[in-house]
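Protein sequence lines correspond, in order, to chains A and B.
Per full-length UniProt numbering, the first sequence starts with residue 1, numbered consecutively.
Per full-length UniProt numbering, the second sequence starts with residue 1, numbered consecutively.
Honestly, the hints are just simulated from the structure, not real lab data.
Small disclaimer: the values here were computed from a predicted structure and weren't measured.
Incorrect hints may appear among the rest.
[What the hints assert, rightly or not] Each computed SDA-like pair below joins lysine to any residue, with the alpha-carbon atoms no more than 25 Å apart:
(1) A:Lys329 x A:Thr255
(2) A:Lys13 x A:Ala67
(3) A:Lys46 x B:Gly108
(4) A:Lys304 x A:Lys287
(5) A:Lys27 x B:Pro83
(6) A:Lys46 x B:Thr24
(7) A:Lys27 x B:Asn87
(8) B:Lys48 x B:Gln30
(9) A:Lys171 x A:Leu24
(10) A:Lys27 x B:Lys48
(11) B:Lys117 x A:Met28
(12) A:Lys171 x A:Met28
(13) B:Lys48 x B:Val18
(14) B:Lys48 x A:Lys329
(15) A:Lys27 x B:Val18
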Amino acid sequence: MAEPVATPASPLKRTPLYALHVSLGGKMVPFAGYEMPVQYAPGVLKEHLHTRAAAGLFDVSHMGQVAVVPKSGTVADAAAALERLVPQDIIGIPPGRQRYAQFTNAEGGILDDLMVANFGEHLVLVVNAACKDADIQLLRDGLSGVCDVQPLADRALLALQGPKAASVLAKFCADAEAMRFMDAGPRNVDGLTCYVSRSGYTGEDGYEVSVPADKAEQLAEALLSDKDVLPIGLGARDSLRLEAGLCLYGHDIDTATTPVEAALEWSVQKVRRSGGARAGGFPGAGKILAQFDSGAARRRVGLKPEGRAPVREGATLFATADSAEPIGKVTSGGFGPTLNAPVAMGYVPTALSALDTVLFADVRGQRLPLRVAATPFVPNTYKR
Amino acid sequence: MTTLYTSDHEWLSIEGDVATIGITDFAQAQLGDVVFVELPQVGRALKKTEAAAVVESVKAASDVYAPITGEVVEVNQAIVDEPALVNTDAGGKAWFFKLKIADKSELGGLMDEAAYKAHTA
């Protein structure tokens with residue numbers, strides 16, 4: 001049978017937890033220029049199910065952590081400057097909170113998606129690994145004069161996700177339980193000064209913990225010593241976020257998709273839209289605000305194949321079983337272990353985006369029916 | 001009954017004119033958790049190396065090729081109903097399909113167990 005190929009052409013980077021992954025039996029693969037564990041001994045299915053039942057620990061240190069520090073010493077100045085690069089209300093993020101944001105380009109497309117936290121005197125951003133260098137350059141070019149852009153290169157990032165995450169972290173961090181979804185800030189974890197947010201990429205309650213790189217293994221081992229915690233690889237991270245209906249940059253969102261087309265309107269606060277006090281003022285605002293006002297031609301939707309066959313990224317979508325013209329494309333797809341069924345997301349014409357609309361995907365030459373479905377496919381359990 | 005292997009991790013169990021075909025335990029371990037299997041139709045004529053079946057893990061789909069030329073005489077509904085069987089019993093209960101052998105000389109190019117073990121060492 002066909003063998004999966006993975007031969008890196010240039011040396012891969014390693015996170016501070018590389019040795020730990022190998023010692024835990026991690027199957028290491030290339031991802032965004034890093035050698036990362038795609039799974040451990042249990043496998044993707046079991047790791048996915050464990051995360052939704054108990055607590056999974058993910059190494060996401062490959063992602064970029066960046067401090068944006070106002071030269072004036074006033075965080076509102078940094079926030080106002082960052083609003084020149086994103087369509088979100090950053091000035092309005094209260095201290096100790098974070099928001100989901102996107103860097104946009106002149107065509108209204110998305111350069112990356114990220115989290116922006118207000119740490120009181122500066123902002124802390126978490127960006128995708130694949131876009132890290134470009135994002136830092138974008139920030140430096142865009143915010144020069146107003147802010148110092150400081151990549152936090154000597155920090156690791158761990159995600160602890162699942163219904164038991166809170167009770168586990170409580171044993172190491174007295175303040176964890178009191179945090180609400182999207183709270184973010186410095187906290188003492190296992191005697192270490194960490195940056196903690198109550199957020200994640202799985203749809204479950206959970207936390208992301210930024211820890212100094214030289215203490216990452218210590219913290220990871222402490223968390224793994226808890227009977228409820230298992231290490232989880234990138235394979236399950238992907239199936240978890242897909243069931244949660246969350247976008248993967250470079251797949252569900254990219255420079256050719258606007259936040260409106262991507263069904264991310266909820267992340268663009270009113271103050272930045274037409275009629276708002278700080279309307280526009282970000283790249284592509286003309287196109288994006290026009291889409292808010294008049295609608296976009298296409299939309300990202302959840303898709304549920306009617307059979308058992310997964311429908312994967314790249315599959316063309318058609319309105320009927322025998323129409324000749326494609327009407328859209330699948331941008332993420334796979335098998336959802338919690339649903340025990342295939343799930344997908346893709347772009348369809350807005351006119352065909354109503355729930356339960358039946359469409360057809362070309363899979364190996366056959367037209368397989370699927371239905372437009374609401375996301376998340378599995379309910380979120382955020383502690384709001 | 002003879003068991004032979006291909007270099008891309010399929011096994012054939014030959015009994016008279018009929019070859020029962022599956023993927024090896026090595027292959028299932030590489031694939032990870034199997035979530036979907038698509039088998040050829042009974043009656044289909046397959047040429048050696050032609051894509052015959054599909055086996056999908058959570059992350060990706062893989063083709064299973066016809067190791068020899070022949071006609072599909074039976075397929076294993078058990079692995080369609082329960083794809084996880086491919087992980088738990090790849091070499092036995094999780095066979096994929098049976099072929100009526102068209103050309104016995106094609107078997108000469110396949111590996112025996114010792115050669116396959118060396119291949120995956």
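Exercise. Given the proposed pairing of Lys329 (chain A) with Thr255 (chain A), does the C-alpha separation stay at or below 25 Å?
Worked result: 16 Å, holds
Exercise. Holds or violated: Lys46 (chain A) with Gly108 (chain B), Cα cutoff 25 Å?
Worked result: Not OK: Lys46 (chain A) and Gly108 (chain B) at ~41 Å, beyond 25 Å, violated.
For this session: Decide if the proposed pair is consistent with the structure: Lys48 (chain B) and Val18 (chain B), CA atoms, cutoff 25 Å inclusive.
Result: At roughly 15 Å apart (the allowed maximum being 25 Å), Val18 (chain B) and Lys48 (chain B) satisfy the hint.
For this session: Below or equal to 25 Å on CA atoms is what counts here, so check Lys27 (chain A) against Pro83 (chain B).
Result: Roughly 22 Å separates the two Cα atoms, so the pair holds.
Exercise. Do the alpha carbons of Lys304 (chain A) and Lys287 (chain A) lie within 25 Å of each other, as the hint requires?
Worked result: Violated - the C-alpha atoms of Lys287 (chain A) and Lys304 (chain A) are around 30 Å apart, more than 25 Å.
For this session: Verify the proposed pairing of Lys46 (chain A) with Thr24 (chain B), using a straight-line Cα cut of 25 Å.
Result: 22 Å, holds
Problem set entry | 25 Å Cα cutoff - pair Lys171 (chain A), Met28 (chain A) | 30 Å, violated
For this session: With a cut-off of 25 Å on the C-alpha distance, tell me whether Lys48 (chain B) and Lys329 (chain A) pass.
Result: It is violated: about 33 Å lies between the C-alpha atoms, which goes past 25 Å.
For this session: Quickly compare the C-alpha distance for Lys27 (chain A) and Val18 (chain B) to 25 Å and report which way the hint goes.
Result: Since the Cα atoms of Lys27 (chain A) and Val18 (chain B) sit roughly 38 Å apart, the hinted pair is violated (cutoff 25 Å).
Exercise. When you check the alpha-carbon spacing of Lys13 (chain A) and Ala67 (chain A), does it fall within 25 Å?
Worked result: Distance ~22 Å between Lys13 (chain A) and Ala67 (chain A) Cα, so the pair holds.
Exercise. Under the criterion that the straight-line Cα-Cα distance not exceed 25 Å, is the pair Lys27 (chain A), Lys48 (chain B) satisfied?
Worked result: Violated, at roughly 33 Å.
Exercise. Are the Cα positions of Lys27 (chain A) and Asn87 (chain B) separated by 25 Å at most?
Worked result: This hinted pair holds, its Cα atoms lying about 17 Å apart.
In the structure shown, a violation is registered for the earlier hints numbered 3, 4, 10, 12, 14 and 15, in ascending order.
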